[in-house]
Amino acid sequence: QKEVEQDPGPLSVPEGAIVSLNCTYSNSAFQYFMWYRQYSRKGPELLMYTYSSGNKEDGRFTAQVDKSSKYISLFIRDSQPSDSATYLCAMKDSRNRDDKIIFGKGTRLHILP
Amino acid sequence: DVKVTQSSRYLVKRTGEKVFLECVQDMDHENMFWYRQDPGLGLRLIYFSYDVKMKEKGDIPEGYSVSREKKERFSLILESASTNQTSMYLCASSLSTSGTDTQYFGPGTRLTVL
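Chains as they are written, first to last, in my numbering: chain A, 676 to 788; chain B, 15 to 128.
Certain hints may be false.
Claimed, not checked - Calculated cross-link-like contacts (lysine-lysine; reagent style BS3-like; alpha-carbon spacing at most 30 Å):
#1 Lys775/A <-> Lys67/B
#2 Lys71/B <-> Lys677/A
#3 Lys67/B <-> Lys84/B
#4 Lys717/A <-> Lys71/B
#5 Lys69/B <-> Lys27/B
#6 Lys17/B <-> Lys717/A
#7 Lys677/A <-> Lys745/A
#8 Lys742/A <-> Lys677/A
#9 Lys17/B <-> Lys84/B
#10 Lys717/A <-> Lys67/B
#11 Lys775/A <-> Lys85/B
#12 Lys32/B <-> Lys745/A
#13 Lys85/B <-> Lys69/B
#14 Lys745/A <-> Lys27/B
#15 Lys717/A <-> Lys27/B
#16 Lys775/A <-> Lys745/A
#17 Lys677/A <-> Lys775/A
#18 Lys677/A <-> Lys731/A
#19 Lys67/B <-> Lys17/B
#20 Lys17/B <-> Lys731/A
#21 Lys85/B <-> Lys731/A
#22 Lys85/B <-> Lys32/B
#23 Lys775/A <-> Lys32/B
#24 Lys69/B <-> Lys775/A
#25 Lys71/B <-> Lys17/B
#26 Lys677/A <-> Lys69/B
#27 Lys85/B <-> Lys717/A
#28 Lys745/A <-> Lys85/B
#29 Lys775/A <-> Lys742/A
#30 Lys84/B <-> Lys69/B
#31 Lys71/B <-> Lys84/B
#32 Lys27/B <-> Lys67/B
#33 Lys731/A <-> Lys775/A
#34 Lys717/A <-> Lys731/A
#35 Lys717/A <-> Lys84/B
#36 Lys69/B <-> Lys32/B
#37 Lys85/B <-> Lys67/B
#38 Lys17/B <-> Lys775/A
#39 Lys775/A <-> Lys71/B
#40 Lys745/A <-> Lys731/A
Just so you know, these hints were derived from the structure itself, not from any lab.
For reference, chain B alone in the conformation it holds in the complex (with noise of 0.2 Å):
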C-alpha cells in the first residue's frame, strides 16, 4: 500500500511566521504535489517536483515555496504566513511511467494562520 505522510495533522501560526510543512511517502514515486483544497474552491495546485531538486510552479504559487532535497521527501514553505493560507493542505504523490500517474494523497494539515 502506498502511504504518504504529513508531519502535522493540525497547526496554528501567526501572521508573518515561517511556517514547513513535510511530506513523505515510502513508495519510490518520483512525482509529487502540493494542494490546498478550500470550501467551494475545490484542489488547487500549489507546486509539484518529479524529480529531486527539481520543481514546477502549479496554479497558486504565489506565497508559497517548496524543497525537495531527497526522493521521498518535498516540503512546502510558506516564508511569512498571512491570514488567507489558512487552509487544509494535502499532499500526494504518483509513480511516473507513462502519463497515467494516479496520485495517492496523505491525510493533510490543517494550517489556521491568526
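Bound conformation, chain A alone (with noise of 0.2 Å):
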C-alpha cells in the first residue's frame, strides 16, 4: 500500500460548484499535513497547512483532516477558472525533523468556464 494515495483526475467542474480533492494515508504517525497548487510549467506553492485532526479555513478554501479515517481533503468554495491547476497533498511525522515529507502524485482540476 502506498504511504499517500491520490486520484490524478483530471476533474473537470462548472465554474462556482465546490470542489472536493482528497487524499488517503496510511502512515497514522503523519500529523503535519499541507496542500500545495501547482500552475501548469510552475513550482508547487503552498496553499493551506494544518496540524492533527480538525478544519482550517482560509477565504474560498477548507483543509480538512481526519485522522481516525487517514483521509484529508480540500475543499474549494465558488470555484473559478484560474483555480484550475494540479493539487497536492503531502504529510510528514513532524516529531522527528529527519522525516521527510511524502507528497501525493497531484489532480489536476479543470474549472470550466
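Put the two chains together into one complex, using the hints given.
Structural data, given as C-alpha cells:
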C-alpha cells in the first residue's frame, strides 16, 4: 500500500461549483498536513497547512483532516477558472526533523467557464 | 515572502555532458532539497541538505551529486547527463525549527537531454 494515495484526475467542474479534493494515507504517525497548488510549468506553492485533526479555513479554501480514517480533504468554494491547476497533498510525521515530507502525485483540476 | 530562485527555466543538454542546476533562497533557511517531477511518478526526492557542506541522499540519488558551499545556495550536478534524466527539476527550502518545516519551492528547471 502506498503511503499517500491521490486520484490523478483530471477533475472537471463548472465555474462556481464546490470542489472536493482528497488524499488517503497509511502512516498513522503523520501529524502535519499540507496542500500545494501547482500551475502548469511552475513550481508548487503552499496553499494551506494543518496540524493534526480538524478543519482550517482560508477564504474560499477549507482543509479537513480525519486522522481516524486517515483521510484529508481540500474544499474549494465558488470555484474560479483561475483555480485550474494540479493540487498536491503532502504530509509529515512532524516529531522528527529527519522525517521527509511525503507528497501525493497530484490531482489535475479544470474549472470550466 | 520566501523567494527560491533557480538558474534556468529551460535547459537543453546532450548525453554525456556535465550539467549544473543552481538554486538560491533568500530567507536564511537551513534546509534545502532537490526533487524531480515526472508525469505519473510525482515528486521524487534526489538529495537534501540540513546545513552548509552537509548532504543526504534522498530516494533517487543515482546519477546525481550536490554541493552546498553557502547556506543560501544548493547545486545539483548531473555528472554525465543521460536521456532518462530529462525531467522537471524542483528546488525547495524550509526553515528548520521543529519538525514542522514547510517547504517552499522554486519555479523549476525543465531539463531536456538529447
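Verification of the supplied hints:
no.	hint	in the structure
1	Lys775/A <-> Lys67/B	holds (20 Å)
2	Lys71/B <-> Lys677/A	holds (21 Å)
3	Lys67/B <-> Lys84/B	holds (8 Å)
4	Lys717/A <-> Lys71/B	holds (25 Å)
5	Lys69/B <-> Lys27/B	holds (25 Å)
6	Lys17/B <-> Lys717/A	holds (14 Å)
7	Lys677/A <-> Lys745/A	holds (13 Å)
8	Lys742/A <-> Lys677/A	holds (17 Å)
9	Lys17/B <-> Lys84/B	holds (16 Å)
10	Lys717/A <-> Lys67/B	holds (28 Å)
11	Lys775/A <-> Lys85/B	holds (20 Å)
12	Lys32/B <-> Lys745/A	violated (43 Å)
13	Lys85/B <-> Lys69/B	holds (12 Å)
14	Lys745/A <-> Lys27/B	violated (43 Å)
15	Lys717/A <-> Lys27/B	holds (21 Å)
16	Lys775/A <-> Lys745/A	holds (18 Å)
17	Lys677/A <-> Lys775/A	holds (15 Å)
18	Lys677/A <-> Lys731/A	holds (26 Å)
19	Lys67/B <-> Lys17/B	holds (22 Å)
20	Lys17/B <-> Lys731/A	holds (25 Å)
21	Lys85/B <-> Lys731/A	violated (33 Å)
22	Lys85/B <-> Lys32/B	holds (23 Å)
23	Lys775/A <-> Lys32/B	holds (28 Å)
24	Lys69/B <-> Lys775/A	holds (14 Å)
25	Lys71/B <-> Lys17/B	holds (24 Å)
26	Lys677/A <-> Lys69/B	holds (26 Å)
27	Lys85/B <-> Lys717/A	holds (24 Å)
28	Lys745/A <-> Lys85/B	violated (37 Å)
29	Lys775/A <-> Lys742/A	holds (19 Å)
30	Lys84/B <-> Lys69/B	holds (12 Å)
31	Lys71/B <-> Lys84/B	holds (19 Å)
32	Lys27/B <-> Lys67/B	holds (27 Å)
33	Lys731/A <-> Lys775/A	holds (23 Å)
34	Lys717/A <-> Lys731/A	holds (26 Å)
35	Lys717/A <-> Lys84/B	holds (26 Å)
36	Lys69/B <-> Lys32/B	holds (20 Å)
37	Lys85/B <-> Lys67/B	holds (9 Å)
38	Lys17/B <-> Lys775/A	holds (21 Å)
39	Lys775/A <-> Lys71/B	holds (11 Å)
40	Lys745/A <-> Lys731/A	holds (17 Å)
Violated hints, in rising order: 12, 14, 21 and 28; the structure is consistent with all others.
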